[in-house]
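Asks: Got chain R sorted already, so can you dock chain F onto it with the hints?
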Amino acid sequence: MIPRRGWGRWALVALLAWLIGWPLLVTLAAALTGETGGTGAAFVEFAQRPDEWLALGRSLWISAATVLLSALVGVPLGFLFARAEFPGRRVLGQLVALPVALPPLVGVIAFLYLYGESGFATRVVGRLLGAAEPPWRLAGAGAILLVHAYSMYVYFYLFTRAALARFDGALTEAAASLGAGAWRRFHAVTLPVLRPALGAAAVLTFLTALGSFSAPYLFGGSFRVMTTQILASKQNGDVDLAEVETVVLAAIAIAGLLLARRLERDSAPARQRGVAPARRARPGRAARWALAAAGWGLALLLLLPHLTLLVMSLVPRASWTTELLPPALSLANWRLLGGSLEALRPLASSLWMAAVATAGALVLGFTAARSAARGGAAGRATELLLGLPWAVPATAFAVALATTWSVHRPLEGRFLLVGTAALLPLAYLIRALPATGRAALAGLAQLDPGLEEAARSLGAGKLRTLRRVTLPVLRPALAAGAMLAFLAAFGDFVLSIVLYTYSTRPVSIEILSNLRLQETGVAAAYGVVLTGLSAAAFLLLGREREG
Amino acid sequence: MEREAHGRVVGDEARGTQVVEGEVMEGARATTPRGAWARVPRMRGRGFGTRVMAGVAVAVAAIGAAALGLAGCGGDGRVALTVYTPHGRDLMRLMEAEFERRQPEVDLRYLDMGSQEVYDRVRSERANPQADVWFGGPDSIFARAAAEGLLASHRPTWAEAVPEASRAPGDLYFGTYRTLPVLVYNERAVALEEAPHDWDDLLAPRFAGRVLIRDPLASGVMRTVFGMVLARAAADGGSIEPGLDWLARLDLQTKEYVANPALLFEKLMRGEGDATIWELTDILLQRQQGAPFGYRFATSGTPVIDDSVALVAGAPHRDAAIAFLEFVGSEAGQLLAAERAFRIPARTDLPADRLPEWAREVLAEMRPADYDEALAAGRSAEWMALWDRTVRGRGAARAASGGQGGR
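If you read the sequences in order, they're chains R and F. Residue 80 in the working numbering sits at position 80 of the first sequence, with consecutive numbering throughout. One gets the working numbering by counting positions in the second sequence from 1 and adding 1000 to each.
For the record, the hints were derived by calculation from the structure and aren't laboratory data. Please note: incorrect hints may appear among the correct ones.
Partial chain F-side listing against chain R, Cβ under 8 Å, derived [what the hints assert, rightly or not]:
| hint | residue |
| --- | --- |
| 1 | Ala-1218 |
| 2 | Ala-1259 |
| 3 | Gln-1286 |
Going by beta-carbon spacing under 10 Å, a handful of chain F positions derived as facing chain R [said to hold, decoys possible]:
| hint | residue |
| --- | --- |
| 4 | Tyr-1110 |
| 5 | Asp-1112 |
| 6 | Met-1113 |
| 7 | Arg-1126 |
| 8 | Gly-1271 |
| 9 | Gln-1289 |
Keep in mind it's a predicted model, so treat the numbers as computed, not measured. Idealized CB from N, CA, C, for every residue including glycine.
Chain R on its own, in the form it takes in the complex:
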C-alpha cells in the first residue's frame, strides 16, 4: 500500500498528475492555442490595466488577512476545547466546527436575515441604539473578511485540536520543572510541536480565501478581487482575458504553496514519541461553569446562522418581511420536503457522493502524504500536486475536468466521464485532496519514525505496522481532514453546477431550484437537513477522535 521503492512513489506522482495536473494542462493548452488565439494580447491587456492589478493586490491582502484573523479565532478555540475541561465540552467541541458547513446559497440568505440591513441582529442592535439607520452594512472588504474568518477559522480550529490531541504533556511538564515560564513553555515547546498543523491550516486558509468567490461576489459590492474579476470578464464575453486572469491567480496560489513549503522546510519538524496522555486542565468549580457558559455562548454565536436557517424553514413563504420576529410559523415547507421520495433523492445523491469522495480522498491523500513526507524529488512533486486542486478557482477546475473527460482518447489518458455518474464524485474527491493530504502531512510531521521502526523490528509486517501504529497515531489528523473533505463535498455548489448529471443531482442544485421559485423556506429546510447530517457525521467521527 505504501510505495517503498522509488518507482512506486513515482507511480503515485503519475497518478496524481493524471488526476489533477492533466486536466489543467489540457485546458491551459486549449486556452493558449484556442480558436480565438488572442491570449498573448490578453496577457498584454492584463498587464496594462490598473484595475486588474488592483484586484490582484486586493486578493492577496484579503487572503493574508483572512489567514491572520482565522488563526486568531481558531487557535485559541482549539486550545480551549483541547485543554480545558468543562460541562458540554465534547458536544460543543464538535458544534463549533459547523460554520464550515453553512449550506451553499441559502446560507448566505441566512446571513442576510441575520446581519444584513434588514436582519434580526441588525434590527435588534439598531433598536437598542435607537438609531433610525441600520448600525452597519454588510458590504465591502470588512464584510468579506468577516465571512471568511467565520467560515475558515475552522481549519485552524480542527488542526490545532488534532495536533494537541497528540501532544505529549510530559514535554511541557519537563520544561516547567526546568523553570520555564508559561510564555516560554508555549513559545519554545508547544508552538514548535504545533507548527506543522498551523502551517497546514494556514496553507488551506490562504488557498481557500484566494479562490473564494461567494463572499466577495455577494458582499464585496464594487470591491473586486480576482475571482469576481474573472467572472466579470467571462460575462462580458472576454474569454481570453478570463483565462489569463485564471492563470495568474493559479500561478500566485502555486507560488504561495512553494513558499509555504520552503518555510516549513526551514523549520525542523518537531517529532515526538507517541505517548500522549490527554491532559486537561481541571479548573475549579466556578471557573468550570464560567468556561462552560463562555463555550455555550460562543457556540450559540457561531451557530446563529444555522439557527436562523431553522427558523427560515418554518416561515411560510413571503411572510417574514419587515417584522422583527416571524409573524407565523408552520411546517408546510417540511411537509413539501418529506412529502415525496423525489424530494429526498438529492439528499441521497449528495450523501453517497460525499461519502465516496471522502473515503477516496482519505486513502489517496494519506498515501500521497506519506510519500511527500519522505522528501526527495518525488515527495516534492507529490506535495505540490496535493495542493493544486485548491490553487485553481473551483469553476475553472470544474470546466477543466469537464473538458478533459469529455472525449474517449485512451492514448492521451483521457476517458469519457462527462455525463456519467462517476465524474462528480471524482471531482469532489480531487477537490478534497488538499484537505486530507495536508491533514495527513501535518499528522506525519508529528509522528516519531522510531515508532514504526520499532514495530517493524519486532516483526510486524507493513500492513500491521500501518494498522496498529501509524494510523492510530494519525487518527486525529486524518479525522480532521476527513471532516473537511466530507463537508466540502456534501455542500458543494460550484463544481456541481458544472458537472452534475440527471442521476447525480445534489442538494445544492435542489436548493438553487427552490430559491429560483422563491421557495426560501424549502431551500432552508434542505439547508437544515444538510447541516444536521454534517453535524451527525461530525459527532460520529469526533466520538472516535476524542482522546
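Replies: Positioned in the frame of chain R, the structure of chain F alone reads:
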C-alpha cells in the same frame, strides 16, 4: 532516504521473527491515550486501520449499490432526452409531463442551471455533447454560442409564426417567450401614485438610495435595459456619453448591485430598497406567492428580450430534440406556458381569446421600446465592460466632474 534504508534493513533482519501478537498489541495500545473511552471494551484485534478500511469498503459497496439502483431507474427503454435549462421547475414540470404524454417513448430529463452555466457546459462538452436541447436564456448568449458553432441548425414548423427578429440567422435558435423588463416596486413602501411610470422616474429624489439593481454584468435583463439606454443616446448624437451619464445618475440612486434574483427579491420584500427593474414573469410568480411587488411598464417603451431555444450541435438524440423543439413552439406548448407559468408566447399568431387574461392585458399595455437593437446587441460586451470600469460605484465622482463625458 537514510531512514528508508535503515527501515528496510531492520525489516529484513527481523523477517521471520515470531512475535506474540499480544505484545504487538500492547505496543499499539500504548500509543493510544488513556482516556475513559480506552477502557470501554472494543472489538478485539480490530485497530483503527481495519475500521477505516471497513468504512471504505462499505462506502464503495454503497456507491455500487446506488449506481446500480440509479441505473435501474433510468433503464426503462425510453429515449433519454437531456435538456439544459435556466427555466425553473414551475415551467419544466409542466413541459415534462405534457411532452412525455405526447411522446411516450421519450424520457425528458432537465438539468436546471443559469444561462451562463448552460453556455459553459455546452462549450466544455463540445467534443462529446451531453445535452440535446438548450431551452431558455436571452438570445444574446445564444448568439455567442452560435458564433462558436455550438448550436445545430433546424427550422421548426412554427418558425414563421414568431417575428423575424426572434429568428437567428441560419436557423440556429428561435425565440419562444418574450421577456419583458418592467419597473418593480414594493407596494408596502411605495404608494400607487408614487410608483415609477418610466425609467427616468427612478432618478427622482424619492428613490435616492432606494433602488436595488441586479448585478448587470450577470443579468441578460439588465444588460438589455442598459443597452437600450446607451443605444438611444448613441442614436441621438452619435456618442454614448449621455447614456453613461444617465447610468451614473442611476448608480447614485442605487443602494446595491445584488448578486442574484433570489437575493434581490428578499431585499425588496424586506424593505432594504423600494424599487428595481426586473422581468415580468418572475414578478408575476412572486405576486402569486404573496410577495408585495407592484409593477409598471415604462411609458417610453419596454425592450423585448427573446427567450430562446436551440438544438445543441451533435446532440445524441436529435429526433427527440426536434420533437421537443416542435412542442415548445406549438400552439399547445405556448398556451400551456402562458396559462400555467406566466410566459408570454413569442408567437404572434395565437388567437387572442385563447390567451389567458393576464397575457392579453400585458400585450395591450406594453409598448415595445424603439431603439437600435442590433447596435445594442453588437456593442453589449464592450459597453458593459466600459460601464463596469467607469460607472459602477462611481456615480458621485462622475456627477462631481460635470457629467457629459467630463472626467
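Asks: Against chain R, is Ala-1218/F within 8 Å by beta-carbon distance?
Replies: Cβ of Ala-1218/F sits 6 Å from chain R, so the hint holds.
Asks: Close enough to count: is the Cβ of Asp-1112/F nearer than 10 Å to one in chain R?
Replies: Holds: closest Cβ of chain R sits about 6 Å from Asp-1112/F, inside 10 Å.
Asks: Does Gln-1286/F pass the interface hint, meaning its C-beta sits closer than 8 Å to a C-beta of chain R?
Replies: holds, 6 Å
Asks: Taking 10 Å as the limit, does the beta-carbon of Gly-1271/F come near enough to a beta-carbon in chain R?
Replies: For Gly-1271/F, the interface hint holds, since the closest Cβ of chain R sits about 5 Å away, which is under 10 Å.
Asks: A closest beta-carbon separation below 10 Å is what the hint needs, so does Tyr-1110/F meet it against chain R?
Replies: Hint on Tyr-1110/F: holds, closest Cβ of chain R at ~8 Å, below 10 Å.
Asks: Quick check on the hint: Arg-1126/F CB to chain R CB, less than 10 Å?
Replies: With a closest approach of 8 Å, the Arg-1126/F hint holds.
Asks: Using Cβ atoms only, decide whether Ala-1259/F comes closer than 8 Å to chain R, and label the hint accordingly.
Replies: holds, 5 Å
Asks: Let me know if the C-beta of Met-1113/F comes in closer than 10 Å to any C-beta of chain R, holds or violated.
Replies: holds, 5 Å
Asks: So, as I understand it, the hint says Gln-1289/F touches chain R; can you test that by seeing if any CB pair is closer than 10 Å?
Replies: holds, 6 Å
In summary, the structure agrees with every hint in the numbered list given earlier.
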